[in-house]
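Protein chains in written order, with numbering that gives the first Met the number 0: chain Y, 0 to 234; chain V, 0 to 468.
Since the hints were made in silico from the structure, they are not lab data.
Take the hints with a grain of salt, since some may be wrong.
[Stated by the list, open to error] Heads up, simulated DSSO-like pairs for lysine-lysine below, C-alpha to C-alpha not over 30 Å straight-line:
| hint | chain 1 | residue 1 | chain 2 | residue 2 |
| --- | --- | --- | --- | --- |
| 1 | Y | 218 | V | 161 |
| 2 | Y | 211 | V | 43 |
| 3 | Y | 211 | V | 380 |
| 4 | Y | 209 | V | 43 |
| 5 | V | 90 | Y | 211 |
| 6 | Y | 118 | V | 160 |
| 7 | V | 161 | Y | 211 |
| 8 | V | 416 | Y | 209 |
| 9 | Y | 118 | V | 161 |
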Amino acid sequence: MRVVTLKINDQEMSGREDEDILHVAREHGIEIPTLCQLDGISEWGGCRLCLVEIEGSAKLSAACVTKVSEGMVVNTESERLSGYRKTIVEMLFTEGNHICSVCVSNNNCELQDMSSDLKIDHISLPYRYPARTVDASHDLFIFDANRCILCTRCVRVCDQVEGAHTWDIAGRGIQSQLISDLHQPWGESDSCTSCGKCVEACPTGALFEKGKAAGEMVKDPKFLVYLADMKAEKS
Amino acid sequence: MSKIITIDPVTRIEGHSKITIHLDDQGEVEEALFHVTQLRGFEKFAEGRPFHEMPSLMARICGICPVSHLVASAKACDMLMSVRIPPTAVKLRRIINLAQIAQSHALSFFYLSSPDLLLGMDSNPATRNIVGVARANPELARNGVHLRALGQEIIEILGGKKIHPGWVVPGGVSHALTAENRDYILKKLPEAIQIAERTIKWFSAELEKFSEEIAVFANFPGLFMSLIGNHDQLETYDGRLRLADDQGLVVADLPAEDYKTIVAEAINPHSYLKSPYYKPQGYPAGLYRVGPLARLHLAKTCGTPRADQALTEFKKLDHKSAFHYHLARLIEILYAFEMIEQLLSDDMILDSHVRAHAAANAHEGFGISEAPRGTLMHHYKIDDNGLITYADLIIATGHNSLAMNKGITQAAKHYIKNDKLTDGILNRIEAVIRTFDPCLSCSTHAVGQMALDIQLIDMGGTVLDRVKR
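With these hints in hand, go ahead and build the complete structure from the sequences.
Right under this line is the structure:
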């Protein structure tokens with residue numbers, strides 16, 4: 000594999016040509032915000048928080064799905080980027096119904112952490128207050144659509160790691176929603192193995208264990224990296 | 000020509016409200032109405048939510064008494080799970096509930112009502128507040144701050160934070176008490192107990208100055224309701240529900256979760272606050288009072304030595320007068336700290352088994368406990384998956400709705416004799432409301448800086464008199 004040299008935030012560095020900007024940056028101590036990205040499953044580029052500026056390109060690129068190349072000059076921090084990132088997170092808050100104070104994931108939530116990192120203390124956009132339901136039909140877990148940000152981590156982990164593909168996205172645009180099997184209650188799903196990987200992968204309180212009270216749901220999806228490594232060794 | 004006097008907003012209470020006083024053609028007071036002008040809607044937006052979320056959600060009803068809602072809600076959830084929670088969890092919940100009662104009573108007595116009691120009902124409204132109290136009697140103000148702070152500190156130690164703590168969860172509490180925290184609280188209690196006792200002595204001696212207020216501050220026969228222990232002792236967490244009249248004659252004694260067989264709620268067009276009443280006597284005759292006065296009227300003992308001494312003296316007073324809510328509050332502060340001391344002295348209090356786990360096992364649950372202001376009732380129904388389909392709450396202040404209206408009418412009739420208004424007269428009418436310490440939600444106007452504009456307007460809209468604060 001060829002090694003390329005590039006510049007990120009004026010810092011000279013090198014990376015393998017099959018690596019993406021996000022991971023090369025991280026290896027060199029540069030953090031780029033993400034929500035849909037999760038080590039151990041495939042990259043999707045859906046949340047758009049990892050957008051970066053690449054010299055010579057007028058458009059912004061998602062760092063998680065853009066491969067590094069020789070001589071590339073990347074900028075991960077600018078007023079324009081932070082403005083976009085803030086707006087994206089504000090839109091996530093206004094699109095659903097996120098009430099941190101009573102949420103099972105309060106203080107253990109990636110969306111909450113992200114708003115804190117981006118210094119979002121007020122939401123400037125109007126809230127949509129969509130009427131969404133809670134699916135508590137599963138014996139062990141609950142899906143609260145109010146808190147779903149459509150990052151598809153659950154969809155990918157269920158498909159790529161567990162091999163069940165219980166979850167998917169139905170609908171388009173603002174109508175998009177997470178569904179289990181053929182849009183039936185989770186508890187009635189034939190494909191779900193109740194492994195709970197989707198719950199661990201979910202960045203918010205949208206998927207959680209039954210019986211948890213506010214702030215009690217702590218997730219740790221790091222095991223996905225070990226699973227991915229073991230899989231790679233085997234093949 | 001009939002006229003209406005409006006007091007809007009009512010100050011030094013928890014929440015937002017106004018009072019209107021309706022005068023007849025002769026300028027005599029016809030009736031006075033207490034309007035609660037805010038709408039919350041918790042019963043509605045609880046629908047569809049997992050029941051395990053209820054305690055923390057319901058606690059958000061109020062920033063003054065979140066613990067009361069946590070406790071009542073968690074008890075209702077215990078019933079949905081059909082579990083008997085570990086005995087240590089019961090004791091720990093009792094402690095946090097008592098700390099809540101103590102801190103809330105201290106807020107009501109020292110911050111909100113002591114300006115009237117110490118400085119006088121007619122004193123200058125600009126200084127008739129806790130700052131004025133601090134100038135006139137620094138020790139009294141300091142004591143108030145101390146008692147409230149300790150109640151809040153106990154809540155913080157147990158629940159993680161002073162306002163909207165977690166910890167109380169369906170099935171028990173989320174973690175056990177450490178020996179270090181127990182010892183810390185135990186060390187702080189003796190001073191608080193002494194302060195409470197001293198204040199009771201001081202205020203008991205002051206009572207004779209308020210004979211007129213005692214006579215007309217919601218002083219009428221009627222029923223009293225509260226939880227009561229197995230041995231007729233003061234009870235704030237569990238127990239049976241009892242109603243008795245002002246003579247002590249028991250008219251109802253039943254398992255608390257059966258309250259709907261005797262209590263119904265009426266809706267008044269003038270207020271968002273519903274008016275519960277005792278069903279057998281109908282509406283509005285079935286008026287009853289809850290809260291510290293009712294609890295001490297019904298309880299034969301407190302179960303703690305110093306509070307029992309104070310209760311003996313309290314029993315000699317005319318419990319028909321809402322003015323005695325004040326002294327009852329002080330006695331309950333003493334009781335709360337003494338009882339916390341008793342509970343913490345039990346070796347089992349450090350037991351690590353403090354939570355029972357279960358899924359939803361019943362479709363309906365009731366949680367009844369005593370909040371600072373009276374009996375608090377949470378009633379939930381869930382579907383097979385544990386999602387709330389119905390929530391109905393009767394908040395302590397609601398029980399007192401009828402009595403508060405009757406009380407301000409009585410005081411208005413006594414004090415308002417002609418069209419001329421004075422601040423002192425209107426403050427007395429507000430003070431009737433303050434004896435009940437209604438908690439209309441979360442906001443407190445502890446320092447009297449709120450604009451108060453009272454207008455006496457005739458039917459044609461002409462302002463006859465106006466008092467501005």
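Tested hints:
no.	hint	result
1	Y:218 - V:161	holds (27 Å)
2	Y:211 - V:43	holds (22 Å)
3	Y:211 - V:380	holds (19 Å)
4	Y:209 - V:43	holds (22 Å)
5	V:90 - Y:211	holds (22 Å)
6	Y:118 - V:160	holds (24 Å)
7	V:161 - Y:211	holds (22 Å)
8	V:416 - Y:209	violated (63 Å)
9	Y:118 - V:161	holds (25 Å)
In summary, the one numbered hint that this structure violates is 8.
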